[in-house]
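Colleague: Here is what each chain is made of, one letter per residue.
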Amino acid sequence: MSPAQRPASERVRVTASRRSAPRHIARAVADELSDQTALGDIYVRGLMRAQLRLAASLLMLTVLLLGSLPILFAIVPQTRSMQVGPLPLPWVTLGVLVYPAIVLLARFYVRASERLEADFVDVIGRG
Amino acid sequence: MQLASLLAIAAVCLATVSVGSLGLRMSRATSDFYVAGRAITPRRNASAIAGEYLSAASFLGVAGLIWQSGIDILWFPIGYTVGYLVLLVLIAAPLRRSGAYTLSDFTELRLESRALRAFASLLIIGIGILYVLPQVQGAGLALRQATGWPTWVGSAVVAVVVFLAVAAGGMRSITLVQAMQYWIKLTAIAIPAFVLLAIWSRGDVGSVDFGDWAIPSTDPVGLYTTYSTMLALCLGTMGLPHVLVRFYTNPDGRDARRTTVGVIGLLAVFYLFPPIYGALGRLELPRLAPGSRLDTMALQLPGAMTDGLLETVLTAMLAGGAFAALLSTTSGLIVSVAGVIDQDVLRPLIARRSGEDARGAATYRLATAIAVLLPFVLSRLLEPLGLATTVTLAFAVAASTFAPLLVLGVWWPRLTTVGAAAGLGVGTLCALISLAGAFLRVDPGDGWLAALVARPAAWTAPLAFATMVIVSRLTPSRRPPHTNRTLNRLHTPESLLPP
Chain E
0 MSPAQRPASE RVRVTASRRS APRHIARAVA DELSDQTALG DIYVRGLMRA
50 QLRLAASLLM LTVLLLGSLP ILFAIVPQTR SMQVGPLPLP WVTLGVLVYP
100 AIVLLARFYV RASERLEADF VDVIGRG
Chain P
0 MQLASLLAIA AVCLATVSVG SLGLRMSRAT SDFYVAGRAI TPRRNASAIA
50 GEYLSAASFL GVAGLIWQSG IDILWFPIGY TVGYLVLLVL IAAPLRRSGA
100 YTLSDFTELR LESRALRAFA SLLIIGIGIL YVLPQVQGAG LALRQATGWP
150 TWVGSAVVAV VVFLAVAAGG MRSITLVQAM QYWIKLTAIA IPAFVLLAIW
200 SRGDVGSVDF GDWAIPSTDP VGLYTTYSTM LALCLGTMGL PHVLVRFYTN
250 PDGRDARRTT VGVIGLLAVF YLFPPIYGAL GRLELPRLAP GSRLDTMALQ
300 LPGAMTDGLL ETVLTAMLAG GAFAALLSTT SGLIVSVAGV IDQDVLRPLI
350 ARRSGEDARG AATYRLATAI AVLLPFVLSR LLEPLGLATT VTLAFAVAAS
400 TFAPLLVLGV WWPRLTTVGA AAGLGVGTLC ALISLAGAFL RVDPGDGWLA
450 ALVARPAAWT APLAFATMVI VSRLTPSRRP PHTNRTLNRL HTPESLLPP
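Chains as they are written, first to last, in numbering that gives the first Met the number 0: chain E, 0 to 126; chain P, 0 to 498.
If we strip away everything but chain E, and leave its shape as in the complex, we get (with noise of 0.2 Å):
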């Protein structure tokens, strides 16, 4: 039916919409983050960018830690025969002493990863 068909006696009800009108005007940045704006892509870049920064670092001391031991007993043949009490050394680096190390390299990447994003939920949290 269209509008001018209907008859003048017909009743429409018009209420008020129940939604109250945006208070704030200025858009949190947790918005941004949640509507995929452009300002909202740069934030999460910036993070990004710090955690991998993170993540590089320590798989590089990863890396001179263990990577180089294999060198190591190459060019230096005197800490191939060295001796730790009655064990040789090698076998205590590489059965032993290696895996403190990569827990506490873990441990440490745990933290300081918390510690980044903790910071990036307290900026977006402020502004």
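Some clues are possibly wrong.
[To be verified] Simulated DEER-style distance windows between Cβ atoms:
#1 P:ALA368 to E:GLY66: 38 to 46 Å
#2 P:ARG472 to E:VAL91: 40 to 48 Å
#3 E:GLY45 to P:ALA465: 24 to 32 Å
#4 P:SER476 to E:PRO99: 44 to 52 Å
#5 P:ARG472 to E:GLY84: 49 to 57 Å
#6 P:THR186 to E:LEU64: 30 to 38 Å
#7 P:PHE193 to E:SER56: 33 to 41 Å
#8 P:ALA9 to E:LEU64: 40 to 48 Å
#9 P:ILE198 to E:LEU64: 30 to 38 Å
[Stated by the list, open to error] Output of the computed footprint for chain E on chain P, the stretches with three or more beta carbons under 8 Å from beta carbons of chain E:
#10 65-76
#11 86-99
#12 310-316
Just so you know, these hints were derived from the structure itself, not from any lab. Virtual Cβ for every residue (Gly too), placed ideally from N, Cα, C.
Given the structure of chain E, go ahead and fit chain P onto it with the hints provided.
Modeller: Chain P in isolation, oriented as in the chain E frame:
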């Protein structure tokens, strides 16, 4: 002696199935089957991941290889552990935040391509089977060592037990089973090690000279082998299907990281023990029993050093532990491979045939049966290669396919669909060449060629990475349209997201 070992193996199998059926009563929705409804605490999840990850290759294979080849093998367990460190810093949290169930889901989410999803699914099935194969073969060897039965019996036992455990409750029951199995394995490897060490130290110790066996190799080929193995293990861990699926069971990205640290700690404790077996074996077991394989070295050690009741008990513990290792790794792999077969093969097939959605649990169980049967049949057809060798090949395949896809997918916004496809293709092709060389027993002699084929990761993984980067640079217009949105999702802490 046979009876005790048999009882230990039977007990492990029974525990696996009964805890598995406990999960049956708790599994309701499809997500329970796949990822345990994603509500598992970091502590239990860490035990479960470690329990699942420590396969027969770690329990028996590494000890046997150390016995044979000496100190260079110590890099294997180091690599298995560092793999989790690499996974932790590169992909643990983002992957959990992606919210995907499987590696195929992640591929589709990030690259927005159905074709790549299908390719990823095939790769998962391939890697999964390559990893299950030595476990199934190892089961046959362990049971033959304990009882003298033919190898197919052990393989069949593993296939049936794993099918029952997985089909019963999927991921939730498996989480319980795996968490329990870590502690079984640790006990089973630690107690005999302490007892045997005590026996050895009571004897005439004197000064021990291991000769060349105890000295790291220093020739270029030896160094290449060490580094290539390390690269395969470090990068390959993140690309193993059963490892990734576990990360989706964490409640959020933060917990995913904490779980990983727990895993590293648990692995570090376990890997202190295999070298003890290798070294004691070198001292007390100069020659393996005729006709037995290298992988059963640790099982023969108690017989060489003790006798009577003590020998029986120690051998039974080791056999039970080895079986626990086989069962847990196999069930973990079967869960993920079955998930992929169910989601990407069976359901689409049934939907096309009947025009309606298939019922969840029924197709999942059918998929489980298929996933168990494939490696079992293969294990009857292929001559075993050695546990740790085959497993390392699976790591190398994962390192040259999924590792570049995951790392670049998580960190590099310019990855394109074409680039990812090209990289996966090149990685798969190289891996296939090396696999064919290994399984067809092509003998390339001793020098560089042999090392390059047997330990391919040092050239295949960089090649796959480079292909992905270069082809992506050449095809900038093929960036997935929602790259930014996806990356935001991967890297934004959960506390900032709307619930």
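Colleague: Hint by hint, note whether the structure agrees.
Modeller: Status of each hint after checking the structure:
{"no.": "1", "hint": "P:ALA368 to E:GLY66: 38 to 46 Å", "verdict": "holds, 44 Å"}
{"no.": "2", "hint": "P:ARG472 to E:VAL91: 40 to 48 Å", "verdict": "holds, 46 Å"}
{"no.": "3", "hint": "E:GLY45 to P:ALA465: 24 to 32 Å", "verdict": "holds, 28 Å"}
{"no.": "4", "hint": "P:SER476 to E:PRO99: 44 to 52 Å", "verdict": "holds, 49 Å"}
{"no.": "5", "hint": "P:ARG472 to E:GLY84: 49 to 57 Å", "verdict": "holds, 54 Å"}
{"no.": "6", "hint": "P:THR186 to E:LEU64: 30 to 38 Å", "verdict": "holds, 31 Å"}
{"no.": "7", "hint": "P:PHE193 to E:SER56: 33 to 41 Å", "verdict": "holds, 39 Å"}
{"no.": "8", "hint": "P:ALA9 to E:LEU64: 40 to 48 Å", "verdict": "holds, 44 Å"}
{"no.": "9", "hint": "P:ILE198 to E:LEU64: 30 to 38 Å", "verdict": "holds, 36 Å"}
{"no.": "10", "hint": "65-76", "verdict": "holds (count 3)"}
{"no.": "11", "hint": "86-99", "verdict": "holds (count 4)"}
{"no.": "12", "hint": "310-316", "verdict": "violated (count 0)"}
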